[in-house]
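Engineer: First to last, the sequence lines map onto chains A and B.
Just so it is clear: in the first sequence, position 47 is 47 by the working numbering, and no numbers are missing.
Just so it is clear: in the second sequence, position 39 is 39 by the working numbering, and no numbers are missing.
Just to be clear, a hint being listed does not mean it is correct.
[Claimed, not checked] Below are the SDA-like pairs computed for lysine to any residue, each with C-alpha atoms no more than 20 angstroms apart in a straight line: (1) A/K480 x B/H76; (2) B/K168 x A/A428; (3) B/K27 x A/L467; (4) B/K27 x A/S365; (5) A/K480 x B/A288; (6) B/K168 x A/S365; (7) B/K161 x A/E357; (8) B/K27 x A/P441; (9) A/K480 x B/P70.
No wet-lab data here; the hints were simulated from the structure.
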Amino acid sequence: MLPVTFSDVFAVSPLLIVVITAMVVLMVDLALPRDRKSACVGVSLFGLVLAAAACGLLWRAQKEAFNGTVIADDFALAFQLILIIVTALSVLLSEKYIQQKGINYGEYYALMLFSASGAMLMATSRELITIFIGLEVLSIALYVLSGFARTEARSEESAMKYFLLGAFSSGFFLYGIALVYGGAGTTRLDTLTALPVATLLSPYSVSGFALLIVGLGFKAAIVPFHSWTPDVYEGAPTSVTAFMSAGAKAGAFAALIRVAIVLLPLSAVFNDVFWALAILTMVVGNVVAIVQTNIKRMLAYSSIAHAGYILVGLIAQNSDGHAGILFYILAYTFMNLGAFGVLILLARRGQELNSIEDLQGLAQSQPWAAALMGLFMFSLAGIPPTAGFMGKFYVFIGIVKAAQTAQNSSLFYSLAIIGLVASVIGAAYYLRIVYTMYFMPAKREYPADVWGFSPGANFALIVSAILTLGLGILPSGLYKTAVLAAGSLDRPAAISRQAVTPAVPAVPTPIERASIH
Amino acid sequence: MFEFHGLLTLIVFLPAAFALLAALLPKTNVKAIQGMALVGTLVVLAVSIFLYAQYTPNSPHQFQLIDKTPWISSLHINYFLGMDGISLLMVLMTTVIFPFVVGVSFKEITQRTREYYCWVLVMETAILGVFLSLNLVLYYIFWEGMLIPMYFIIGIWGGPKRIYATVKFFLYTMIGSMVMLVSIMALYFLAGSTTFDLPELQKHVSIGGMFSGKQATDILLFLGFFLAFGIKAPVFPFHSWVPDAYAEAPTGGTIILVALKMGLYGFIRFCLPLFPFAVKACAPVIIALAVIGIIYAAFVAAMQTDLKRLIAYSSISHIGVIMLGIFALTSLGLTGAVVQMVSHTLTTGALFILVGALYARRQSYKIADYGGLMAVMPMFTVVFLIATLSSVALPLTSGFTGEILLLMGSFQTNPWATGFATTAAIWSVVYMLWMFQRVMYGKLDKDENRSLPDMTRGEKLALFPLVLLIFALGIYPTPLILDKVNPTVNTVMSQTAPKYNDPFAAPPISTPKLAAVAMQPRGQK
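Generate coordinates for the entire structure from the input sequences, incorporating the hints supplied.
Structural biologist: Here's what the structure looks like:
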């Protein structure tokens with residue numbers, strides 16, 4: 001057995017803290033009576049703050065741990081911080097909502113934290129089996145959470161669907177690992193990067209990689225592996241949907257980016273695959289969202305479409321694209337959790353908002369809730385001056401940059417144009433929510449005490465709103481951090497490459513590496 | 001890098017500040033909100049007059065009163081505002097028209113007043129931002145951000161088909177801007193990932209030869225901009241959002257849409273200096289589109305039964321004429337186009353105010369519901385006639401000044417197209433005067449129209465200043481506009497003829513004191 005040093009533990013301390021917090025929550029829960037679970041919220045938030053602090057301590061340290069299977073580079077830490085933010089906002093949004101739904105159990109928070117820790121492990125690992133463990137921790141907790149409203153048939157159905165399809169996708173992923181190992185003899189991503197292209201091009205590894213993409217694409221809700229998304233989003237408790245939409249996506253994309261870097265030498269094979277996936281995802285997500293009448297299903301398809309935009313940044317395969325993805329996922333976290341947050345505020349036991357029509361005339365009776373929802377919708381549609389626009393700008397500037405140096409630049413340009421035009425289709429359904437709220441006469445009664453319902457949720461919403469607008473107007477600081485984090489990502493690949501051929505003086509950029517082959 | 005005069009920042013964000021103040025007023029105090037909005041737009045007008053006085057036309061610097069500071073430094077994006085003669089005129093046009101937008105809304109907007117005036121003021125900020133931004137990303141943000149207030153203005157306070165109209169307007173504009181965004185990003189990388197600033201990019205094009213040997217890229221990027229501006233302007237095949245949006249918006253909103261000369265301005269500000277060769281290559285096609293648009297829209301206008309839609313189509317026809325002036329690529333044509341942009345805003349703005357006043361009396365935009373109004377509304381008829389005549393470019397009105405300059409300039413390079421376009425003057429007489437005749441003359445045969453009041457005091461306050469401006473620009477335009485605009489026009493024209501093939505050629509210097517002397521296009525195909 002390998003010795004575990006303090007340094008190893010330190011490198012994974014953020015997710016370790018989250019796991020320990022989850023266990024503490026389980027313990028605390030035992031001591032609390034049924035109607036007073038607020039302490040669980042406090043403990044969870046405290047743990048998340050500690051985890052964030054640990055991320056801060058590790059920043060720029062570029063620690064490798066557990067024999068190199070885990071790397072706490074800035075890229076991983078940035079993703080972990082995003083996940084911590086997602087979890088904290090979700091916990092705040094959940095508290096009163098699950099009370100109202102009568103599912104106020106401490107396990108809820110513990111599961112959410114476990115799930116987050118899985119996603120965090122995916123972000124920080126550099127080895128396929130470790131990624132798989134992260135994926136499973138993330139998924140299994142999410143299966144349970146989706147079915148948490150156990151008295152509701154829809155919730156049960158959503159958990160069942162998610163579990164069955166998720167189990168398949170995990171199988172794909174695992175089988176992919178096996179094939180890659182068979183073809184290349186390793187499951188370490190950094191070792192894979194250093195291998196000669198011929199080895200990577202063996203049919204075993206190529207089909208293995210393809211299966212890895214399927215497995216991660218499922219979690220990230222990429223078309224054609226998306227079919228679970230609308231049903232699960234619709235059936236799961238809204239607070240879980242909120243968490244899942246940003247958290248699972250962040251974890252999956254963190255791992256996908258690391259895998260995609262390995263695939264760079266194979267760009268002749270996989271570029272077209274990613275290209276097709278991105279276009280399918282953006283077009284299908286946006287087009288199908290238009291005809292949805294259920295608001296949670298609409299947001300599910302919208303989330304698929306956003307996965308497509310993020311995929312565009314991934315195809316760029318340069319630090320601009322990766323920085324863009326980091327910015328985008330954070331922006332998406334605020335605007336999407338914000339949108340679900342408004343739904344949570346307006347939901348009351350027995351009369352949750354389901355159809356878009358339920359929002360009719362919201363602007364007259366609840367002007368602030370409508371204004372926030374409007375802000376989040378414009379941001380999701382990518383209209384400036386919101387974070388959503390800036391995110392899109394950064395992601396697409398990555399792809400336009402890639403187009404400059406690529407041999408088939410029209411492929412990249414067409415991706416940029418198709419993506420942006422698809423986002424115009426997207427604007428159509430976000431606008432529909434806005435006009436339903438603002439231009440239609442009121443049809444139903446809303447709870448009068450919307451803002452007295454849950455101080456925690458109010459806080460989460462206001463923070464989301466401020467950052468949705470703030471990151472749209474002053475994105476510079478965060479983007480610099482994202483560029484820094486994205487820069488750290490390319491380093492391990494470059495180091496290992498140097499180890500193979502020590503004569504190479506300059507670090508090749510991803511584009512150069514792509515064009516070599 | 002850092003230069004901050006502050007005046008332009010002040011004028012851009014002043015309306016938004018007033019919007020914030022208005023938002024803090026109690027919802028029920030409609031008078032105070034209206035007052036706040038009016039005071040806000042008037043203060044902005046005062047600041048813009050101060051800008052007008054500050055601007056020195058014959059300075060060696062094209063852009064003046066610059067506000068520049070790094071904004072997103074990792075991508076070299078600056079907060080960069082600056083003004084030249086053309087943007088000065090656009091700013092003045094906007095600030096002049098906005099008090100009228102507020103004024104005409106006093107009676108018309110009775111519900112959700114506070115929201116309305118807030119959006120109108122935010123809209124003014126966005127428009128001024130578009131006219132003053134010199135960084136392409138900043139520009140894009142104002143350009144696209146403008147959609148949000150306009151979406152609400154049409155969607156909440158518009159006519160019966162308002163939702164259709166506002167969504168159509170939003171999506172049409174957005175498609176164009178998305179393609180433009182890709183062009184903007186590509187420009188950045190073509191310039192060596194160094195800058196999004198217009199003056200810098202212009203140098204890369206004219207001195208650095210950014211597009212030399214890259215004709216296809218040049219034309220594709222130009223088309224990206226063209227689509228965005230063409231939809232907004234609107235140019236002929238992209239115009240179908242206009243009649244709906246104009247007809248469904250409340251009067252104030254329609255006037256804002258008329259004053260939205262952002263598409264045409266974009267052609268002058270970005271397309272001519274950044275894509276000189278693509279512009280030359282595509283000019284024949286664009287001119288053909290413009291001529292088709294002029295004639296097609298004129299015919300459609302003649303067939304309209306709805307006053308607002310008629311004026312909307314007449315607008316499309318006039319925009320075609322302005323396009324002709326811009327893409328004639330002569331100083332005279334460009335000057336004429338700029339003057340015509342201002343004149344069109346004033347004239348069409350006045351027409352929409354008048355039509356709105358009719359609607360307030362009769363709740364109808366149908367031409368058939370009127371007739372013989374001269375008998376009951378003599379003064380109203382006179383003002384309506386002046387606006388109509390300016391619209392058909394009668395001498396002594398502002399419409400004439402612009403159109404004559406424009407057609408003269410255009411004739412130098414495109415005699416045939418100009419010949420066709422000139423028939424627009426005839427068509428416009430047909431549909432405008434026919435409309436005027438059906439509304440004002442004839443027998444007062446509808447009982448509902450017998451007791452219509454003549455102009456109210458508020459309407460006089462709104463319309464007399466506009467009539468005055470229409471005459472002022474028609475009779476004595478030189479000191480008011482031309483002297484301010486001509487040097488800039490010459491600079492822009494010199495930028496459309498870069499000589500980067502000869503590295504030793506001196507950079508083109510604008511000739512000051514040139515009161516609209518035609519320059520022959522230097523590039524020969």
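Engineer: Now, for every hint given, state plainly whether the structure supports it.
Structural biologist: A quick look at each hint next to the structure:
{"no.": "1", "hint": "A/K480 x B/H76", "in the structure": "holds, 12 angstroms"}
{"no.": "2", "hint": "B/K168 x A/A428", "in the structure": "holds, 9 angstroms"}
{"no.": "3", "hint": "B/K27 x A/L467", "in the structure": "violated, 27 angstroms"}
{"no.": "4", "hint": "B/K27 x A/S365", "in the structure": "holds, 14 angstroms"}
{"no.": "5", "hint": "A/K480 x B/A288", "in the structure": "violated, 47 angstroms"}
{"no.": "6", "hint": "B/K168 x A/S365", "in the structure": "violated, 27 angstroms"}
{"no.": "7", "hint": "B/K161 x A/E357", "in the structure": "holds, 19 angstroms"}
{"no.": "8", "hint": "B/K27 x A/P441", "in the structure": "holds, 19 angstroms"}
{"no.": "9", "hint": "A/K480 x B/P70", "in the structure": "holds, 13 angstroms"}
Of the numbered hints given earlier, the model fails hints 3, 5 and 6; all others are met.
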